[in-house]
Amino acid sequence: MSEKTTNMKVVEGSYAVAHAVMCCRPDVISAYPITPQTHIVENLSQMVADGDLDSEFLTVDSEFSALSVLIGASACGARSYSSTTSQGLALMYEVLYNVSGMRIPIVMNVANRAIGAPLNIWNDQQDAIGARDVGWIQIYAEDVQEAVDATLQAYKIAEDAQVRTPVMVCMDGFVLTHVYEPVHLLDKELAREFLPDYKPANILDPAHPMTFGAFADPSTFTEFRYQQFEAQQKALVKIEDVAREFEETFGRYYGGLLDGYFLDDAETVIVTLGSVVGTIKDAIDDMRSAGKKVGLLKLRSYRPFPVQALRKALKNANCIAVIEKDVSIGCEAGLVTDLKSAFYNSNIRTPIIGFVAGLGGRDITIKDIKKIVARAEASRKGIESEFEFLNLRTEIL
Amino acid sequence: MAIKAGSLVDPCSTRITKTGAWRTFVPVVDHGKCIKCSLCEIYCPEGCVHQEEGLFVPDLDYCKGCSVCANECPRMAITMVLEEK
Chain Y
1 MSEKTTNMKV
11 VEGSYAVAHA
21 VMCCRPDVIS
31 AYPITPQTHI
41 VENLSQMVAD
51 GDLDSEFLTV
61 DSEFSALSVL
71 IGASACGARS
81 YSSTTSQGLA
91 LMYEVLYNVS
101 GMRIPIVMNV
111 ANRAIGAPLN
121 IWNDQQDAIG
131 ARDVGWIQIY
141 AEDVQEAVDA
151 TLQAYKIAED
161 AQVRTPVMVC
171 MDGFVLTHVY
181 EPVHLLDKEL
191 AREFLPDYKP
201 ANILDPAHPM
211 TFGAFADPST
221 FTEFRYQQFE
231 AQQKALVKIE
241 DVAREFEETF
251 GRYYGGLLDG
261 YFLDDAETVI
271 VTLGSVVGTI
281 KDAIDDMRSA
291 GKKVGLLKLR
301 SYRPFPVQAL
311 RKALKNANCI
321 AVIEKDVSIG
331 CEAGLVTDLK
341 SAFYNSNIRT
351 PIIGFVAGLG
361 GRDITIKDIK
371 KIVARAEASR
381 KGIESEFEFL
391 NLRTEIL
Chain G
398 MAIKAGSLVD
408 PCSTRITKTG
418 AWRTFVPVVD
428 HGKCIKCSLC
438 EIYCPEGCVH
448 QEEGLFVPDL
458 DYCKGCSVCA
468 NECPRMAITM
478 VLEEK
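Those protein sequences? They're chains Y and G, same order as listed. For the first sequence, our numbering assigns the number 1 to the initial residue and increments by one for each residue that follows. For the second sequence, our numbering assigns the number 398 to the initial residue and increments by one for each residue that follows.
Calculated from the structure, these hints are not laboratory results. Cβ atoms here follow ideal geometry from the backbone N, Cα and C, with glycine treated the same way. Check before you lean on any hint, since a few could be wrong.
Pairs of lysine to any residue residues, derived as SDA-like cross-links and limited to a Cα-Cα distance of at most 20 Å, are as follows [stated by the list, open to error]:
| no. | chain 1 | residue 1 | chain 2 | residue 2 |
| --- | --- | --- | --- | --- |
| 1 | G | Lys-401 | Y | Lys-340 |
| 2 | G | Lys-401 | Y | Glu-245 |
| 3 | G | Lys-461 | Y | Val-307 |
| 4 | G | Lys-401 | Y | Arg-225 |
| 5 | Y | Lys-340 | Y | Val-307 |
| 6 | G | Lys-461 | Y | Ala-216 |
| 7 | Y | Lys-234 | Y | Ala-216 |
Beta-carbon label-pair distances, calculated as ranges [as the list claims (entries may be wrong)]:
| no. | chain 1 | residue 1 | chain 2 | residue 2 | range |
| --- | --- | --- | --- | --- | --- |
| 8 | Y | Leu-190 | G | Gly-444 | 39 to 47 Å |
| 9 | Y | Gly-251 | G | Thr-411 | 32 to 40 Å |
| 10 | Y | Phe-221 | G | Asn-468 | 26 to 34 Å |
| 11 | G | Val-478 | Y | Asp-217 | 17 to 25 Å |
| 12 | G | Glu-443 | Y | Asp-50 | 37 to 45 Å |
| 13 | Y | Gly-116 | G | Val-425 | 52 to 60 Å |
| 14 | G | Val-423 | Y | Tyr-344 | 41 to 49 Å |
| 15 | Y | Val-48 | G | Arg-412 | 43 to 51 Å |
| 16 | G | Asp-456 | Y | Pro-218 | 19 to 27 Å |
| 17 | Y | Arg-225 | G | Val-478 | 33 to 41 Å |
| 18 | G | Arg-412 | Y | Phe-389 | 53 to 61 Å |
| 19 | Y | Ser-385 | G | Ser-410 | 13 to 21 Å |
Could you build the full structure based on these sequences and the hints that come with them?
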C-alpha cells in the first residue's frame, strides 16, 4: 500500500480526528463536552481560537441544543459538525430523528462509551448500537487512522445528492480517543480536492421561503420513511465508491462496507466491529501459526447493514462467532441479531453464536478470543448456547 | 404531487394539506334552527366556520370534527354525524 501523504505524527486519537475535522472545513461546530469525547472538541475549539480553522464554534447548554443548532445551520447551507458519546448521544435522541428525517447531512464522531445506570465512563458500544434505528449511517473505526479517514469520507457520503443522510463515525472511547499512535494526518489541500465545498440543492433562505421537516399526515408519512430507507440502500454503493476514491487520493483503503483478515479460506470466522479488531488479528496470527483456519470479518458500515456483502463474504465459513460490546436487553445483541436476520432467507445455514464482551470497559484479551473460537468450533456439532455473556462473573451474582 | 425528501415544502402548504382527513364525526347544521349568533364561528378552534351567503358553514377541508361548535350552539342546531369514508 503506497501512502501518498507523508505527514505521519504520533498524536492522540482525539487530536488526529479534530485535525481531520479541520480538513473538512465545517462552517459550524456545536458540541457539549463529555468524557471521552472532550479532547476532540477541545482541540477544535483551540483551532478556531488560534485562527487555524474558520468555523463558528457554538457552545451550548446540552447535547440536545448542540445538535438542534446544527439542524438550523445545515439547513442554511453550512457544513456542520458535532461529536458526543454515551449519555450525550442519548440526550440527542429526539434530534437524531429530526436530522435524518429532514435529510440534513451532519457528520458526528461518537466516542463510544457505556450508558448508565450504573454510571460508567469506560468504552463499549451500547450508545451507538442503541441508536441504530434513528436513520443515521454508522461507520465503525478499527484504529485512529481509520477514524481520521472515515471522518473525511463521511462528509462525502452524507452530502451526496442521492444519499443526503447524516453519518456517525464511531470510535471506541479511550481505546482510540486517548491513545497515542502514529497517524498520517490529512493534507489540507488533498482533503479540499477530495471533498469540495458543501452546495446543497435546497436551503433556508428568506428570499425563497421553504419548510424543512414539515407535517406529513398518514397519506405521505410512509413515503418519507421509504425515501430514507432507499437513501441508505444507495449509501451501500456510495460508501464503497468513496472508500475507493479515498484510496486514489490518499493511498489508503481498508474496505468500504466491510473488510476481511484471513477470510478467504477461513472455516471459523469472527464477525465484529471497532477497535477489538486489533486484538482479534493478533489472536488469529497465533491460531494460524498453529494451523487453525480462523478468519475475521470487520464490519465498517453497521447502518446501512450490508446484507448482500455479508452473505457473499461469509458463505464459505462453517461456524461464525459474533463479538460485540452491546446488548439488546431482552433479545441478544444488535450485530448478532442483524447477522442472523441477513442469513435467514438465504441458503446459508452456518451456526452463529453471539458473545457480549467488553461491556463498560472490561478488557477483551487474546485468550478470550481463542476461547470464543473454541466455543464456535464446538457449535458445528450442535449449538449448546447461541448467545452468552463472555467471562460472566457468576461468583458475584 | 411528488413529495420532496426531507419533508421539504414550499410556503402556504396548509392550502394543499387537507387536515380534515382526521375527522370521524362531521357537523351537520340545521340552518332552520340557526339564529346567527356566530358562537360556532367564534369557538371553532380551527377557525374553519365561515359565513357563506348568510349561513354559518364549516370548511370540511379543515374541520377535524371536534364537536366544539355543536357543544356551544345555544339552539342545538348542529349535530355530529358519524362520517364514513
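Taking the hints in turn, this is what the structure says about them:
With a CA separation close to 35 Å, the supplied pair Lys-401/G and Lys-340/Y exceeds the 20 Å bound. For the hint linking Lys-401/G to Glu-245/Y, the alpha-carbon distance of about 29 Å lies beyond 20 Å, and the restraint is violated. Pair hint Lys-461/G plus Val-307/Y does not hold up; C-alpha atoms about 44 Å apart against a cutoff of 20 Å. At most 20 Å may separate the alpha-carbon atoms for a hinted pair to count; Lys-401/G and Arg-225/Y meet this at roughly 12 Å.
This hinted pair checks out: Lys-340/Y and Val-307/Y have alpha carbons roughly 10 Å apart, not beyond 20 Å. For the proposed pair Lys-461/G and Ala-216/Y, the alpha carbon gap of about 16 Å is at most 20 Å, so the pair holds. Note on Lys-234/Y and Ala-216/Y: the hinted pairing is violated, with a Cα-Cα distance of about 24 Å set against a maximum of 20 Å. For the pair Leu-190/Y and Gly-444/G, the beta carbons lie near 58 Å from each other, so the given range of 39 to 47 Å is not met.
Separation of Gly-251/Y from Thr-411/G is about 54 Å and departs from the stated range, judged on CB atoms against 32 to 40 Å. At roughly 31 Å, the beta carbons of Phe-221/Y and Asn-468/G sit within the given window of 26 to 34 Å. Here the CB-CB span from Val-478/G to Asp-217/Y is close to 23 Å, well matched to the stated 17 to 25 Å. Hint check: Glu-443/G to Asp-50/Y, Cβ distance near 55 Å, so the stated range 37 to 45 Å is violated.
In this structure the hint that Gly-116/Y and Val-425/G lie 52 to 60 Å apart at CB holds, the actual value being about 57 Å. In this structure the hint that Val-423/G and Tyr-344/Y lie 41 to 49 Å apart at CB holds, the actual value being about 47 Å. Between Val-48/Y and Arg-412/G the C-beta distance comes to about 44 Å, which sits within the given range of 43 to 51 Å. Checked against the given bound of 19 to 27 Å, the beta carbons of Asp-456/G and Pro-218/Y, roughly 21 Å apart, stay inside it.
The beta-carbon spacing between Arg-225/Y and Val-478/G, approximately 34 Å, falls within the hinted interval of 33 to 41 Å. At roughly 57 Å, the beta-carbon separation of Arg-412/G and Phe-389/Y lies within the given 53 to 61 Å, and the hint holds. At about 55 Å, the beta-carbon gap between Ser-385/Y and Ser-410/G misses the expected band of 13 to 21 Å.
Going down the numbered hints, you'll see the structure goes against 1, 2, 3, 7, 8, 9, 12 and 19, while the others check out.
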